[in-house]
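Protein sequence lines, in the order shown, are assigned to chains A and B. Just so you know, we're using our numbering here: the first sequence kicks off at 1 and counts up by one. Just so you know, we're using our numbering here: the second sequence kicks off at 1 and counts up by one.
I should point out that these hints are in silico values taken from the structure, not numbers from a laboratory. Any given hint might turn out to be false.
Facing chain B, from chain A, some residues (calculated, C-beta under 10 Å) [claimed, not checked]: (1) E119; (2) G412; (3) V413.
By construction, the Cβ of each residue, glycine as well, lies at the ideal position given by its N, Cα and C atoms.
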Amino acid sequence: MIDAGAIRHDFPVLSRTVYGKRLVYLDNAATSQKPRPVIQTLVDYYEGYNSNVHRGVHALSMEATQRYEEARQKVAAFIHAPSAETIILVRNTTEGINLVANTWAASNVGPGDEILLTEMEHHSNLVPWQKLARQKGARLRFIPVTHDGFLDLSDIDELLNPNTRLLAMVHVSNVLGTINPVRELTRKAHAVGAAVLIDGAQSVPHMPVNVKELGCDFMAFSGHKMLGPTGIGVLWVKDDLLQEMEPFLLGGDMVKDVHREDATWNDLPYRFEAGTPNIADAIALGAAIDYLNDLGMKNVRDHEMQLTRHALEVLSELAGDIDLYGPKDPSRQGGMVSFSSREVHPHDLGTLLDREGIAIRAGHLCAIPLVRGRLKVPGLARASFYIYNTEEDIDLLVAALKKALTFFRAKGVAASHVH
Amino acid sequence: MFIKKKPETNRQKFDFEELDELYREVILAHYRNPQNRRQIEDADIRCEGFNPFCGDEVFIQLKLDEQEGVAEVGHQAQGCSICKASASMLTELLKGKTLEEAEALSRAFHRMMRGAPTSDEKANALGGLKAFQGVLKFPIRIQCALLPWAALESGLNEYRARIKDR
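Model the full assembly from the supplied sequences, consistent with the hints where possible.
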């Protein structure tokens, strides 16, 4: 069980006020707040042993290298990767996906091949594949989404076929919260010989994730959504695929031997980490993982399920004023609720709630094809939860929503008769 | 367990003063009842504006008379109240203006939305657009008010380039 009230004290930013009101931070799917141990880890690195990794013979460099590699091991253990050598440290989920598109996919996708996505992909797991498909003469196909926000798998046996080279899909939707059946779909994809990439940006921070159990080939996620700093993310690649992948960025640290005309690649995973890496943020990501492990990921998931259950319950009081999107089932969605009002545009809601100290996300949520194309709304408002959120936070959201609707409704009504 | 705290008393009301300035009556009146919301099929000038960050979209069509005055104007907008109201007001103000006057008005509005000092005479020319001054206190929303005007300017530029080529 998570004691969110106590946890809050570990997050300095949560004690600040916004417009004189306590900050109620409900934009965790965009980025999480950082606990003191993570912030302190950054300070310790820069004040205590700042130096470059993998090359210095001096004490500081050895210390930094050790801490950097320990962080990689922590990441590997966190997602149950078979070895630390399969963990590539990148900037974020987007960079991880682009790395796969530019390396594995560039040499394994050809004319007439198909890449299967879902209609609920974040732009980061869509736009790189659009470019690759154009370059290679490959075809993008999409698993449709039902109005309840689930994948419509009725045509899956046709969508996954011997031409499918890759299934790239989101584990937990950043728009609807839907938890997708990635394990089952991975099995189906492998049965037709397709590789599988999972966008874990919204799953790895919030629930136990085991890449061995899922069986996928690639998994990308971001550190900043899981209590870590910005600028550090992870790409995990199954060992046999990683062995045959060409490097992405070339330069220092990724080579073993260099001659005037050519070079040989370094061992894994260094082959994929050219140049000085993001040392401080990687080590701090390790601290974030320690923090999450102390809480237990099962407890994190249970806490968020409880918050989602509460949110769905209290938001249903506003039925008629507020439309809810997505599964509306806490056991089938991540810790978030998306909603819209028929009268007040999400951005106006966002501004009104902001004045109450409540931070939510509003807009197309970087998933225009889903929001506009499938749900057919101009935008959504999204409240997303994490370990430090309480039921009181959600009650404050609902109270502020009621106030916002009342405020907005009273405006411009009299004057509209002028026209 | 959740620690229940008594909600703070200052949550009882919004910071009304600034929100009232942002959401002025005239702005929300236009939002609720947009003017000239129709497509003009045989338009001389077509304007489009997109804000990739928030997804707002504005389309404006102008039909000119023989003196290059705005004879008819129509618009379609998808976005927040500020953006939609700005588009609606734009269409009301443009009717009967020459293209030079339309450009001058757009320049004056852009100046106001940058927070630049404006002479009384110019401020008066802005008419109802002065209602958008309250948006200046919400910097992230300034782009919402400007989107229809940015669309207008790019549409006018395209039109001029087209005329020149003829």
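Verification of the supplied hints:
1. E119: Violated - the Cβ of E119 of chain A stays beyond 10 Å from chain B, reaching only about 17 Å at its closest.
2. G412: holds, 3 Å
3. V413: holds, 7 Å
This entry does not satisfy hint 1, going by the numbered hints stated previously; all others are met.
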